[in-house]
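If you're matching them up, the sequences are chains A and B in order. The opening position of the first sequence corresponds to residue 1 in UniProt numbering, with each subsequent residue numbered one higher. The opening position of the second sequence corresponds to residue 1 in UniProt numbering, with each subsequent residue numbered one higher.
Note that these hints are calculated values from the structure, not bench results. Each hint should be verified, as a subset may be incorrect.
Any copy, or any two copies together, can satisfy a pair, since identical chains are not distinguished.
[Said to hold, decoys possible] DSSO-like, lysine-lysine: derived pairs with alpha carbons at most 27 angstroms apart:
(1) 323 - 486
(2) 151 - 393
(3) 15 - 380
(4) 393 - 155
Bear in mind the structure is a predicted one, so any value in this text is a computation, not a measurement.
Number of protein chains: 2
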Amino acid sequence: MIPYKTIIQIDRSSKQALYIQLTNQFIVLIKKGRLLPNTKLPGSRTLSELIGLHRKTVVACYEELILQGWVESVPQKGTFVNKNIPVIQKQKLGDASRSKKEISTGFSFTIDPILDRAFPQSYEEDFIYINDGVSDGRLAPVNEIAMIYRKLSSKKSIINHLGYGTTYGNGSLRESLVTYLNETRGLNITKDNIVITRGSQMGMYLAAQLLISNNEYIIIGETNYSSSDTTFEFSGGKLLRVAVDENGLDTNAIEKLCEKYPVKAIYTTPHHHHPTTVTMSAERRIHILNLAKIYNLAIIEDDYDYDFHYSHAPILPLASHDKNGNVIYVGSVCKAVAPVYRVGYLIAPKNFVDECAKMRRFIDRQGDAVLELTFANFIKSGSLDRHLKKVVKIYKNRRDLFCKLLRNELEGYLSFEIPRGGMAIWATLNKKYSWSTVSKIAKKQKLVIPEWQRYDMGEINHNAIRIGFAAYNETEIYEFVKRLKKTLEIVKGYENN
Amino acid sequence: MIPYKTIIQIDRSSKQALYIQLTNQFIVLIKKGRLLPNTKLPGSRTLSELIGLHRKTVVACYEELILQGWVESVPQKGTFVNKNIPVIQKQKLGDASRSKKEISTGFSFTIDPILDRAFPQSYEEDFIYINDGVSDGRLAPVNEIAMIYRKLSSKKSIINHLGYGTTYGNGSLRESLVTYLNETRGLNITKDNIVITRGSQMGMYLAAQLLISNNEYIIIGETNYSSSDTTFEFSGGKLLRVAVDENGLDTNAIEKLCEKYPVKAIYTTPHHHHPTTVTMSAERRIHILNLAKIYNLAIIEDDYDYDFHYSHAPILPLASHDKNGNVIYVGSVCKAVAPVYRVGYLIAPKNFVDECAKMRRFIDRQGDAVLELTFANFIKSGSLDRHLKKVVKIYKNRRDLFCKLLRNELEGYLSFEIPRGGMAIWATLNKKYSWSTVSKIAKKQKLVIPEWQRYDMGEINHNAIRIGFAAYNETEIYEFVKRLKKTLEIVKGYENN
Numbered sequence: 001m002i003p004y005k006t007i008i009q010i011d012r013s014s015k016q017a018l019y020i021q022l023t024n025q026f027i028v029l030i031k032k033g034r035l036l037p038n039t040k041l042p043g044s045r046t047l048s049e050l051i052g053l054h055r056k057t058v059v060a061c062y063e064e065l066i067l068q069g070w071v072e073s074v075p076q077k078g079t080f081v082n083k084n085i086p087v088i089q090k091q092k093l094g095d096a097s098r099s100k101k102e103i104s105t106g107f108s109f110t111i112d113p114i115l116d117r118a119f120p121q122s123y124e125e126d127f128i129y130i131n132d133g134v135s136d137g138r139l140a141p142v143n144e145i146a147m148i149y150r151k152l153s154s155k156k157s158i159i160n161h162l163g164y165g166t167t168y169g170n171g172s173l174r175e176s177l178v179t180y181l182n183e184t185r186g187l188n189i190t191k192d193n194i195v196i197t198r199g200s201q202m203g204m205y206l207a208a209q210l211l212i213s214n215n216e217y218i219i220i221g222e223t224n225y226s227s228s229d230t231t232f233e234f235s236g237g238k239l240l241r242v243a244v245d246e247n248g249l250d251t252n253a254i255e256k257l258c259e260k261y262p263v264k265a266i267y268t269t270p271h272h273h274h275p276t277t278v279t280m281s282a283e284r285r286i287h288i289l290n291l292a293k294i295y296n297l298a299i300i301e302d303d304y305d306y307d308f309h310y311s312h313a314p315i316l317p318l319a320s321h322d323k324n325g326n327v328i329y330v331g332s333v334c335k336a337v338a339p340v341y342r343v344g345y346l347i348a349p350k351n352f353v354d355e356c357a358k359m360r361r362f363i364d365r366q367g368d369a370v371l372e373l374t375f376a377n378f379i380k381s382g383s384l385d386r387h388l389k390k391v392v393k394i395y396k397n398r399r400d401l402f403c404k405l406l407r408n409e410l411e412g413y414l415s416f417e418i419p420r421g422g423m424a425i426w427a428t429l430n431k432k433y434s435w436s437t438v439s440k441i442a443k444k445q446k447l448v449i450p451e452w453q454r455y456d457m458g459e460i461n462h463n464a465i466r467i468g469f470a471a472y473n474e475t476e477i478y479e480f481v482k483r484l485k486k487t488l489e490i491v492k493g494y495e496n497n
Numbered sequence: 001m002i003p004y005k006t007i008i009q010i011d012r013s014s015k016q017a018l019y020i021q022l023t024n025q026f027i028v029l030i031k032k033g034r035l036l037p038n039t040k041l042p043g044s045r046t047l048s049e050l051i052g053l054h055r056k057t058v059v060a061c062y063e064e065l066i067l068q069g070w071v072e073s074v075p076q077k078g079t080f081v082n083k084n085i086p087v088i089q090k091q092k093l094g095d096a097s098r099s100k101k102e103i104s105t106g107f108s109f110t111i112d113p114i115l116d117r118a119f120p121q122s123y124e125e126d127f128i129y130i131n132d133g134v135s136d137g138r139l140a141p142v143n144e145i146a147m148i149y150r151k152l153s154s155k156k157s158i159i160n161h162l163g164y165g166t167t168y169g170n171g172s173l174r175e176s177l178v179t180y181l182n183e184t185r186g187l188n189i190t191k192d193n194i195v196i197t198r199g200s201q202m203g204m205y206l207a208a209q210l211l212i213s214n215n216e217y218i219i220i221g222e223t224n225y226s227s228s229d230t231t232f233e234f235s236g237g238k239l240l241r242v243a244v245d246e247n248g249l250d251t252n253a254i255e256k257l258c259e260k261y262p263v264k265a266i267y268t269t270p271h272h273h274h275p276t277t278v279t280m281s282a283e284r285r286i287h288i289l290n291l292a293k294i295y296n297l298a299i300i301e302d303d304y305d306y307d308f309h310y311s312h313a314p315i316l317p318l319a320s321h322d323k324n325g326n327v328i329y330v331g332s333v334c335k336a337v338a339p340v341y342r343v344g345y346l347i348a349p350k351n352f353v354d355e356c357a358k359m360r361r362f363i364d365r366q367g368d369a370v371l372e373l374t375f376a377n378f379i380k381s382g383s384l385d386r387h388l389k390k391v392v393k394i395y396k397n398r399r400d401l402f403c404k405l406l407r408n409e410l411e412g413y414l415s416f417e418i419p420r421g422g423m424a425i426w427a428t429l430n431k432k433y434s435w436s437t438v439s440k441i442a443k444k445q446k447l448v449i450p451e452w453q454r455y456d457m458g459e460i461n462h463n464a465i466r467i468g469f470a471a472y473n474e475t476e477i478y479e480f481v482k483r484l485k486k487t488l489e490i491v492k493g494y495e496n497n
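Turn these sequences into a full structure, and let the hints guide you.
What follows is the structure, encoded as structure tokens:
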């Protein structure tokens with residue numbers, strides 16, 4: 001008999017029932033081969049005395065082991081380890097040494113270099129991080145949203161929203177968004193044209209998966225939102241890049257590509273091109289829509305910062321001018337409220353929306369109907385409008401201060417156009433310097449310039465990055481400019497030596 | 001001059017500023033070709049008088065049109081439609097007739113028949129719907145969850161969770177789940193082995209996308225959870241089916257397939273096989289793990305109803321016995337709490353978890369950190385445990401009543417084993433009848449048997465479906481059995497005539 005008294009360790013403070021602890025320890029003994037097939041277990045009274053547990057506990061454990069098939073009870077003879085348990089394969093390194101190491105997969109899978117562009121980050125206090133244009137979480141109406149969430153959850157009717165539901169997204173939210181988007185973006189859509197997504201990223205992902213398969217062509221900007229590059233490449237697409245100038249994507253270049261290749265789609269951010277912040281001109285808007293019609297292209301229009309315009313009215317999206325069903329319009333409330341609330345939408349002709357809703361079923365089953373209802377309420381009550389009015393004013397002031405200070409303090413180092421909206425500037429570094437050096441020196445000034453490579457996936461050496469201003473308050477803007485100036489002065493010093 | 005007075009319609013009750021309304025109407029006129037390139041616009045004073053708007057509004061509109069590039073201002077001459085605006089393509093059907101019809105996409109995309117298995121449903125009152133084993137929303141601790149959510153949202157520290165964050169999921173939730181899963185499932189994982197997902201469906205989707213590409217083989221049960229069939233097929237995988245008997249997947253059949261094909265993965269629900277509810281035997285558990293080691297297989301273990309066991313302790317998952325990194329374990333709190341809260345996890349060796357987290361970035365960017373924190377709190381405080389204890393007791397009673405009534409009332413029609421846990425039975429209809437006929441007759445009894453086809457994707461004609469019991473209270477169980485009995489008696493009457 002193996003030394004049960006030493007081997008079996010019961011933790012009386014554990015939440016787990018004693019008989020389950022005992023059962024699991026027997027299973028381990030059987031699996032490790034310390035109790036071989038056909039071994040007789042001690043009688044329940046004997047074991048109970050040996051290990052100091054109540055006999056009923058031992059009996060419950062044996063019953064459990066029988067139920068699970070690890071042991072068998074032979075009448076008049078006793079309880080035996082099941083003779084059909086195969087001996088478990090020994091591991092090459094042995095249990096003890098192996099368990100201390102990190103185990104890797106026992107199967108192979110391809111580490112996709114495309115996905116490596118996820119650029120993970122960690123944050124340290126006291127550091128200022130350059131972001132590519134995010135909102136200020138401190139201004140998010142998180143309390144108001146949580147209050148609506150709480151109130152809705154206490155209503156009896158919430159019960160209808162707790163189970164498995166539609167993959168199109170909550171009906172009220174779809175209705176509120178239809179009204180809101182028709183009013184603010186000049187769209188002319190109905191509920192049939194909208195599927196709720198988890199932010200615009202999911203809209204882009206759905207469109208990519210359904211449109212682009214192996215080696216199909218998609219046109220993007222020479223500089224482009226890097227996540228969309230990855231999303232389309234992960235889907236198997238081939239990227240064709242066209243230049244971006246002060247009027248947006250070069251539509252003549254698009255036309256030439258369409259003549260040459262069987263292009264499937266164009267990805268564009270016409271309101272403010274990502275990353276350069278330029279607005280697509282009226283001529284090109286019409287040109288691109290005409291090209292889409294002629295070549296049966298899908299235009300994936302990512303309208304990520306429509307709500308943020310300071311010097312002029314927003315320019316209506318391509319989707320508002322699309323009469324031929326070429327535009328797939330993706331957007332979200334993430335930028336307007338806070339990124340954590342992954343509430344977005346994809347707008348397209350009904351036949352495409354239906355396919356998206358079907359696909360959604362297999363990605364994450366469905367959205368969060370309670371949160372979606374909360375946002376339906378938040379939009380309908382006018383809170384979203386009020387919130388936007390408030391933050392747009394603040395961000396405009398921040399833009400003005402930020403641009404003024406950069407112009408005054410960093411002349412000769414950085415050049416940029418004052419953006420008419422959005423949350424970031426497109427800052428070109430004097431060719432004498434490189435972001436690579438600047439980012440190294442900046443770190444010593446507690447200023448982090450992450451991911452600067454991703455702004456030049458087309459490798460045209462523009463020497464520019466996006467610098468978000470909206471998330472910094474006045475004090476932080478001064479501090480940011482101070483640190484960047486110090487950094488650039490040090491870099492200049494190096495150059496001169 | 002075109003009749004501006006008739007054409008331009010201003011809605012003073014609209015939220016939109018007057019000058020924006022005016023601007024947008026000019027844009028439409030330009031795009032429709034009613035205002036051709038080089039057309040001179042009326043002076044601001046003239047237009048202001050014509051249409052009854054303040055002159056400043058007209059000036060603001062013209063400035064906006066200039067900014068957007070639709071018109072040009074020529075000094076001393078006036079304002080002209082931009083000469084470079086290309087004339088927009090006429091539509092084949094003409095604007096008016098077209099806009100009344102539903103527009104389809106102006107681009108082509110493949111309607112994937114695989115995705116058509118999404119089986120959409122709608123609900124009518126007074127009808128009883130057969131489900132495949134869902135929890136009762138009326139028991140969901142929705143109020144408690146909303147209270148935690150609200151409380152967390154009012155804390156100052158919430159600010160750290162509102163922005164763009166990690167794609168692994170909230171750190172506190174990962175920690176709570178590590179402790180919880182190690183305690184309850186006998187796992188031995190650290191935070192490095194877990195990535196938070198939106199329910200187990202997303203875990204399965206990530207695993208499928210990363211493991212299975214074109215025409216790679218995955219083994220599943222002859223009867224299987226149909227969503228997983230679709231998930232793997234959508235990813236390009238080829239399904240190999242093995243029989244399922246009272247001990248779960250036939251592992252000898254798996255071994256034969258592995259000898260013959262380069263199998264990549266096995267999908268299994270060993271705790272209670274979906275749909276048949278059988279538990280995989282201890283022998284086969286060891287066998288399948290050994291096969292995985294020998295053939296370098298990934299075992300995707302979907303432990304969807306581990307928390308629900310009535311007659312015995314739960315059987316520890318394969319993941320708890322996996323020393324070689326073969327098991328990818330997916331689960332969620334959706335079944336335990338309510339499907340609407342899409343909080344799940346994927347557990348695997350770190351190298352695979354890292355790749356999942358990278359891919360996640362391009363599906364929906366990240367999870368909902370506020371909800372994830374809420375659940376971290378809900379688990380840590382012991383509320384999840386308490387809730388489970390409560391509902392398991394209720395579901396056990398429902399199972400007992402349900403099975404007793406079915407046995408008493410429907411003998412000769414239906415046969416089934418009493419499941420040891422879970423939320424559904426696997427009910428085989430007497431071969432004399434078919435679910436096709438039964439479901440037609442049932443509808444007249446206000447009883448809906450949806451999606452019965454999906455239980456036999458392997459087409460082995462087992463004539464069985466899952467019937468969920470957990471969502472019905474006592475009254476509803478009696479009513480359900482009454483309607484089903486009536487239905488079957490009618491069907492029997494047909495057969496006898």
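Original post:
Looking at the structure, which of the earlier hints fail to hold?
Top reply: When the structure is compared with the hints, numbers 1 and 2 turn out to be violated.
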